[in-house]
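**Student:** One line per chain: the protein sequences are Y and B, in this order. Taking the UniProt record's numbering, I'd label the letters of the first sequence as residues 1 to 544. Taking the UniProt record's numbering, I'd label the letters of the second sequence as residues 1 to 240.
A couple of the hints might just be wrong.
The list that follows gives simulated cross-link-like pairs (lysine-lysine, DSSO-like), each with its CA atoms no further than 27 Å apart [to be verified]:
#1 Y/K467 <-> B/K15
#2 Y/K467 <-> B/K118
#3 B/K118 <-> Y/K298
#4 B/K131 <-> Y/K298
#5 Y/K282 <-> B/K131
#6 B/K118 <-> Y/K303
#7 B/K131 <-> Y/K303
#8 B/K131 <-> B/K118
#9 B/K131 <-> Y/K467
In short, the hints are calculated from the structure, not lab data.
Chain by chain, the residues run as shown.
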Amino acid sequence: MHKPICSLIRIQLKMQYANVFQKPSVVIGLVFGIIGLLFLGMMFGGYMLQIIDVMYGLLEPSGNTNVILGSLFLMNFFLIFILSLMLIMNTFYFTEDITSFLHLPVHSYQLLIAKSLNPLIYVYLLTAAMYLPVSIYYGILSGADLMYYVYVLLLFFLIPTIPYALAAAVVMFAMQFVNKGKNKDRSKVIGGIIGFVLIILLNVVLRLQQDPEQIAQVIADSAEKGGLLQMATLYYPPASLMSHILTSAGSWQSLLYFVIVLLLALFAGLIFFAAAQKFYLKGALGLNTGSGKVYSGKGLHRKPRSIISTYRTKELQTIFRTPTFFLQCVAGAFVMPALLIVIFFMGDFASATTMIEGISGSMLFVVILFANVFSVGLNPISIVSFSKDGQSWEAHLFLPLTMRQIVLSKLQAAFLINLLPLTVLFVIAVPVIQMNLWEALLWVIIALFVNAAVTVIGMVSDLLYPKLGWTEETELFQNRLANLISIVISAGAFAFLLALLLILKMSMVVSFIVTLLYISAMIVLLLYIVSRLLKTADRTSLSR
Amino acid sequence: MIQIVHVHKQYGNKKAVSDVSLTVPTGKIFGFLGPNGAGKSTTIKMVTGILPVDSGTITVNGKDITSDTIAAKQEFGYVPDSPDLFLRLKGLDYLHFLSDIYGIAADVREARIEEYSKMFSIYEALGDQIKTYSHGMRQKLFITGMLVQQPSVWILDEPMTGLDPKSSYQLKELMRNHAANGHTVFFSSHVLEVVEQLCDEVAIIRKGELLFQGTLTEMREKFQSDDSLEHIFLELTQDA
Ligand SMILES: Nc1ncnc2c1ncn2[C@@H]1O[C@H](COP(=O)(O)OP(=O)(O)OP(=O)(O)O)[C@@H](O)[C@H]1O
Ligand SMILES: [Mg+2]
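Chain B extracted, bound-state conformation:
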């Protein structure tokens, strides 16, 4: 479970996130929606401890990211939106590095690395430097890293962008399983079909302000419309 309470964030004079409060429950897939520049990545970076919050609190499974940082970070795995990290490491080195940090036992990690890297067809490239990977391959490597870690909370920033249909399908299946097992999945996206198929609950953010949080049905009720999600989304996020 992730709890975000009255969180503010400003870049210089520019408000990126203002007074956002939301709860990402366990056992559900939670989608975080909004147009470009709405503040999705900024929020996610505050949740993961990459950016400090200006005010407000964020807890992951009850652990405060500001005061109990390391314990909170043990709880989640994160796939960044631009996976251009550790470019000089080989794929395998990165996975071992991550496993060491999260203390994954030797035989467990071996099995998981093999299973998931084969599932996402990056197994053959594990001996190469990440620098030589394509964008999608890098993303799949980071997803594999998260799967090797198997944290209870998954945080993914636009995970489907750049994935081919097969990998995208597999990731969705994995996300469903993870939520069904009583865990937390929190991801951002602007691909509406994905959200419609996948999410149990959504939150919509625009210009740093939270417009809505609830299930898809609640959203349709609230906005009194049987329209497609796309229509609602367009209406919600258009410049008013």
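Isolated chain Y, as found in the complex:
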């Protein structure tokens, strides 16, 4: 019975990860990536541990410290549930290669367990990052014995299974209705947007209270009223079971609870199995079919366009019509500004305004640039400029197109898409920060330049490390060295500018001019690099 699962897993590993680790550049990139992640983790982790420290001190007198674990499990559950919703929608339904498995004589659950490989890697990584440090730190604080850590490890493997299986069941149940809908591509997009909105909401909730002391106080307060753990139990009973297992590790009671949690995980697995067998095919079969409308002759007559303009149109059409690209590059563009605003100003308009008033001149530029670089830089559109063509890249080789035309139109398309987050950022920020028109205008000019620079950086990194041999679009956004390189380059380049502005402490107009000069010089330099790259690397070499 497990043979099909193993071979399905093996073929996916081959399709997605084969040859990845053979190039030294990939290994170097991975090392840098891991260092970067560790750095981020330490920053975030330090913050989290600080909260826990304070909370532990507050709760210890009343003996309510297990609330910390309870809320940890609860938070973990929600995060994994939401992450899983997105991952599952993508891997089970919207990937291109799913149709090549549907005809195989395997049960849905076998296929889906195999398909879960990638999402589960993410889910376990998230759990490792969130749960392990906190639970271990708690153990140290409370002076726990060996059994505690044994249970910590055992629970680590169990924790993600329940939210993952439940999320899968929810998606499978919902997708049968999406598949019945008339305009399937649109439903896909809507589904994705709902996912994004959920993530934003979660972030807002998490960000509402930013000060560690404050958060700890709030949680401690509600705990003292006897609220939080009960509340956690109300939403997600295993959370309190799990925290009991840890706090009374070594007792018979905790073994009993552990068995119950184990049974619950098995039960979740059963739900996954049942949903897979009952709903999956109904949602997946025929999901990627056309509208079936008979062509009416509309648009047959069209004014001829220049090569660059027709190519740019083709790029935009491809991005908008491919659910994965749409979600990542267009819908994603709205998420970043929203998150940024939440992160920077925590929805507290009054304090945001005073904060902005307090900063002047070059500092304002620092803040704005930071926001711009991040919102544009994190949009993967230019990073997949070439890679997104995949197999169709071959057409560039026999059509009479010069590389200059291709690069220019791709740059334009990416630039246009990247205008979206800037527009959103602008539309939201002007009323919030109450910038005056003059400052807003300066910002727009800078933003356009930043946009151009970041777009070119993304494209350069994709030219250096293109990935044309994908079997499904989502692969483009996983394990991409180019993403990392472009983020490192953009962050580095702009960090330098920020440092300069901070040191010089200039007036606004002077910083504006310095910034503009700096970015223009950077764009010129980058374009020079692009043209050199194109001269040395003939475009057929892209198809490696």
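Since chain Y is already given, all that's left is putting chain B with the ligands on it; use the hints.
**Tutor:** Quick look at chain B with the ligands alone, frame taken from chain Y:
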């Protein structure tokens, strides 16, 4: 006219095409024959600029594909063997895209798109994404694209595979007309009946080496046989 002169191509250590020279003349339908893996597609990809040549030269209507790339590419239209390109575009978008690239005027392209897409019965599907087309429909869309472009040199890699009899017949007629008007038609195939009915001249390739180029009659003379083409073909291409 296509001229291929002493062309070599190697994939890693594997020789795919070695020292092939051939001339595809104007006014004739030229068939390119060989068993699976012989190097037909590889040769065609070098002619169309998809693969770089290791050594040798290729010119299309006198324009060198390596040094005068864009001008050479303006001369031909190409139908690939696996037409799985631009899957997210709608059929009509693809045809307009192609017309823009080759600079086809608005009314001309409108008339041609309508005529040829109706001829190949894909007109009704023009509003759908290419992704939803069947294999044969995709192939017919790419053929339609070439007909809208109307280049002087046609290069087709196994164009009949996957076409229904009616479409296949129509394509053959179009190829005959095109050659009769003094243009060049270069296609690969292993369907022998097609070659026998259609070709004025053939070239046979096996394991990357050119075995023969000439008319069908010359081929029969050379191999001193009145046998059917199939027999000759089998003999020529069997593992020696
Ligand atoms: N991308 C590639 N990498 C490595 N080897 C290749 C590649 N493409 C083709 N080959 C090899 O080159 C040789 C010629 O292949 P080619 O595709 O030209 O054959 P063909 O004559 O078109 O065959 P068919 O009739 O099956 O289409 C084959 O041995 C094949 O294995
Ligand atoms: Mg071939």
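**Student:** All hints are to be evaluated individually against the structure, with a verdict given for each.
**Tutor:** We went through each hint and held it up to the structure:
Taken as a hint, the Y/K467 and B/K15 pair is honoured in the structure, with Cα atoms around 26 Å apart against an allowance of 27 Å. Proximity of Y/K467 to B/K118 is assessed by CA-CA distance (about 38 Å); at most 27 Å being required, the pair is judged violated. Distance check on the hinted pair: B/K118 and Y/K298 sit about 15 Å apart at the alpha-carbon level, within 27 Å; holds. For the hint pairing B/K131 with Y/K298, the CA-to-CA distance comes to about 20 Å; that is within 27 Å, so the pair holds.
Restraint check: the Cα-Cα separation between Y/K282 and B/K131 comes to about 21 Å, which is no more than 27 Å; the hinted pair holds. Between B/K118 and Y/K303 the CA atoms are separated by roughly 22 Å; this keeps the pair inside 27 Å, and the hint holds. A C-alpha spacing of about 26 Å is found between B/K131 and Y/K303, which places the hinted pair at or below 27 Å, so the restraint holds. For a cut-off of 27 Å, the pair hint linking B/K131 to B/K118 stands: about 20 Å separates their Cα positions.
A C-alpha spacing of about 21 Å is found between B/K131 and Y/K467, which places the hinted pair at or below 27 Å, so the restraint holds.
Going down the numbered hints, you'll see the structure goes against just number 2.
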